[in-house]
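Number of protein chains: 2
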Amino acid sequence: MTEEKKNGVMDKKVSRRNMLKMTGIGAAGIAIGASGMGGILSTFGKDFVAEDDDSTAKNKVNFYGKNQPGITTPAQSNIYFASLTVLVKTKEELQKLFKDWTPAAVKLMNGEKIAAQTNDMVPPPDTGEAKGMDAQNLTLTFGVGPSLFKKFDFGDKKPAELKNLPHFPKDQIEENYSHGDICIQACADDAQVAFHAIRNLVRIASGRVTMKWSQAGFNAVPMTDGKPGTPRNLFAFKDGTENPRGQADADKVVFAQSSETKSWLVGGSYLIARRIQMHLETWDRTALDEQEATFGRHRDSGAPIGKTGEFDAMEIDRKDEKGELVVPDTSHVFLAKSVKSRLLRRSFSYASGVIDSTGAHDAGLLFISFQKDPKQFIEIQNSLGRMDKMNEYITHRGSAVFACFPGVKKGSFIGEALFSTL
Amino acid sequence: MTEEKKNGVMDKKVSRRNMLKMTGIGAAGIAIGASGMGGILSTFGKDFVAEDDDSTAKNKVNFYGKNQPGITTPAQSNIYFASLTVLVKTKEELQKLFKDWTPAAVKLMNGEKIAAQTNDMVPPPDTGEAKGMDAQNLTLTFGVGPSLFKKFDFGDKKPAELKNLPHFPKDQIEENYSHGDICIQACADDAQVAFHAIRNLVRIASGRVTMKWSQAGFNAVPMTDGKPGTPRNLFAFKDGTENPRGQADADKVVFAQSSETKSWLVGGSYLIARRIQMHLETWDRTALDEQEATFGRHRDSGAPIGKTGEFDAMEIDRKDEKGELVVPDTSHVFLAKSVKSRLLRRSFSYASGVIDSTGAHDAGLLFISFQKDPKQFIEIQNSLGRMDKMNEYITHRGSAVFACFPGVKKGSFIGEALFSTL
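These protein sequence lines map, in sequence, to chains A and B.
Going by UniProt numbering, the residue at position 333 of the first sequence is 333; the numbering climbs one at a time, nothing skipped.
Going by UniProt numbering, the residue at position 194 of the second sequence is 194; the numbering climbs one at a time, nothing skipped.
Note that these hints are calculated values from the structure, not bench results.
There could be a bad hint or two in this list.
All copies of an identical chain are treated as equivalent in the list; a pair is satisfied when it fits inside any one copy or across any two copies.
No farther apart than 27 Å at their CA atoms in a straight line, the calculated lysine-lysine pairs in the DSS-like style are these [unchecked claim]: (1) K113 to K307; (2) K227 to K131; (3) K319 to K96; (4) K307 to K389; (5) K58 to K227.
Everything numeric in this text was worked out from a predicted model, so none of it was measured.
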């Protein structure tokens with residue numbers, strides 16, 4: 001954004017809202033991708049600037065890049081998340097799947113149909129429910145789960161850290177919202193556009209994959225003075241305030257670097273998904289001061305307890321005049337900040353009807369975090385442990401981990417390095 | 001819209017998108033409500049123009065009016081629909097419920113919080129997850145179901161036509177997506193804002209109602225040359241092309257007039273909800289010409305078969321040079337148009353995960369129609385009967401009918417006339 005302003009250039013393909021959203025991490029990346037400007041190459045290698053796909057679509061995020069889209073991309077208002085079971089038996093067939101998905105993903109992210117109808121006597125190549133919509137900032141993010149490496153022998157390409165998460169205190173994990181061989185995360189500013197993307201990608205893979213589970217989610221992105229704020233979860237607290245900002249920070253926290261992982265995953269990231277039921281009725285009977293003590297932040301401002309600004313430093317050791325901790329040591333944020341690990345939160349709320357037996361909302365958080373190693377999440381979750389006051393109000397019911405590939409270069413395909421013989 | 005242009009007045013409270021959407025039915029109503037202009041009173045009684053609540057909220061629809069909002073209001077991109085079971089035992093308590101909901105509904109539709117927090121030691125009066133969002137064109141529409149009149153004796157105020165729908169061929173109705181004593185339809189251009197409204201209204205009624213079922217839904221509203229188009233369902237066909245346009249037509253089809261219903265329902269409408277599962281995988285294996293023969297329209301344009309424009313007249317008797325019907329007599333639209341009844345469709349798509357046993361999408365249409373009498377829907381549905389080609393691709397799994405009150409006058413409350421002793 002800063003570089004944009006310096007250059008005085010505003011690309012027509014980038015909508016006002018999209019530009020406004022480009023204040024967080026990933027912003028420069030998208031702007032470069034979309035506009036192809038040459039003056040600000042310092043952040044990224046030239047390779048990736050050259051990967052622009054020349055689409056003139058409105059409200060589009062570039063598919064190509066050093067990292068996959070949908071990770072540091074500013075959160076859109078909708079997600080459709082799908083976890084797939086692979087049915088094919090050979091690595092060649094599996095590779096073919098990703099090869100087939102790649103041009104489709106480019107088309108979808110450009111807001112274009114998968115292919116033109118050539119003949120009325122055949123089923124439409126595109127299911128069509130997104131016709132007339134622009135790209136709606138659709139991002140598609142692909143990852144592979146631990147179970148895929150049990151089905152296929154990738155030898156020493158299997159990363160040791162790619163395994164199902166351990167059991168955490170109070171977990172009540174249900175298989176039908178957990179795990180999977182492949183994940184596709186579709187995020188967009190329109191729910192139907194996100195669903196359309198998943199539907200068409202699954203359709204292309206018909207007979208080769210089946211859906212294990214899927215979940216729709218949403219985010220309210222508040223705009224203040226024309227700038228997007230941090231979304232609030234269904235407990236009304238801001239979610240993502242502490243996220244890494246800027247590519248350098250993301251490279252430290254989110255994207256695996258060359259010395260840190262298997263070569264096919266360099267520039268990739270681990271996605272952790274947790275379907276967290278939130279007991280809204282219990283929460284709604286809780287006093288505001290107790291809610292704030294549970295999070296360790298003020299609700300309305302998002303500021304650390306005792307401070308006023310959302311982005312004021314979270315100093316968990318800070319004490320009041322009586323020598324007592326200002327941020328309670330059983331609060332969510334105190335425990336999370338008690339360890340060194342950080343991660344990028346990119347969660348969405350869900351509301352999936354009513355729990356029959358009680359008439360309560362079946363609602364909560366499709367927690368999604370990205371980190372270069374699952375141990376970052378595990379360390380934080382272990383710190384929360386049984387101490388976290390939040391445990392009274394939530395139940396983790398789904399769990400999944402996926403290794404998300406690095407970004408795709410033009411001419412390549414999703415996950416190519418996993419299949420290469422290097 | 002036309003009147004707006006003639007007067008050359010554009011109200012600041014009405015966003016560009018909102019204005020652009022005001023091309024269909026109800027448009028003038030909202031514009032008048034929001035702007036308080038006096039020059040175009042001919043369509044509505046002056047009473048209702050005076051009902052503007054003076055909110056300065058952005059992207060707001062007026063709560064007050066001759067008819068409830070959310071009926072002829074242009075379709076927003078999200079719905080959260082809730083069906084409630086009433087727990088209170090007396091009509092006085094029931095009346096109190098609607099009295100309590102009225103100011104809350106006004107606040108919600110203005111994008112304001114339910115009430116201010118006066119004291120940190122109590123639960124927040126507003127659950128807060130919509131904080132920072134504007135009104136997002138939220139509409140709230142309240143109705144009462146047949147079962148309410150079994151719980152409470154309203155004497156001859158019970159309309160004879162308010163009863164559960166009959167069984168139709170191929171119906172597979174499940175109780176957990178059907179019926180209810182009260183419905184609240186929340187529609188908005190943001191999913192979290194719609195959910196927030198239902199959550200807070202149910203919370204206000206805690207102990208007095210419980211949720212029977214709820215369903216989230218979405219619509220992609222395509223914009224062409226700055227104007228909103230007809231949304232497409234998940235079969236990619238436009239849904240709502242034949243809707244009544246303008247208040248006069250709505251008064252003919254949608255809103256019960258004084259000679260047509262019980263006095264408390266004059267200006268009201270019947271809402272019919274059908275949760276229709278769409279077998280997307282079967283549909284997606286069907287040739288385009290067969291899909292079009294199923295609807296009786298062309299997919300991309302929405303035009304009647306053999307024509308080119310979405311709004312070209314649907315002449316079901318038209319024959320080709322061989323003397324054969326151009327629009328197949330087993331098509332959905334042929335059968336629907338074979339009877340005189342009309343209705344206002346205001347449906348939303350849903351995607352609720354995966355059907356465990358098959359890995360198929362659990363997705364479809366939350367069909368919602370408004371009509372002055374349920375017999376309009378019944379006549380059309382009976383005509384579709386077993387003949388409708390669409391039956392191969394859909395299964396009706398939920399069914400509900402609600403009598404939606406007329407609009408609320410300032411100083412009154414939702415449903416007041418039902419409780420009056422007149």
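- Could you tell me which of the numbered hints above are not met by this structure, giving the numbers in increasing order? Number 3 only.
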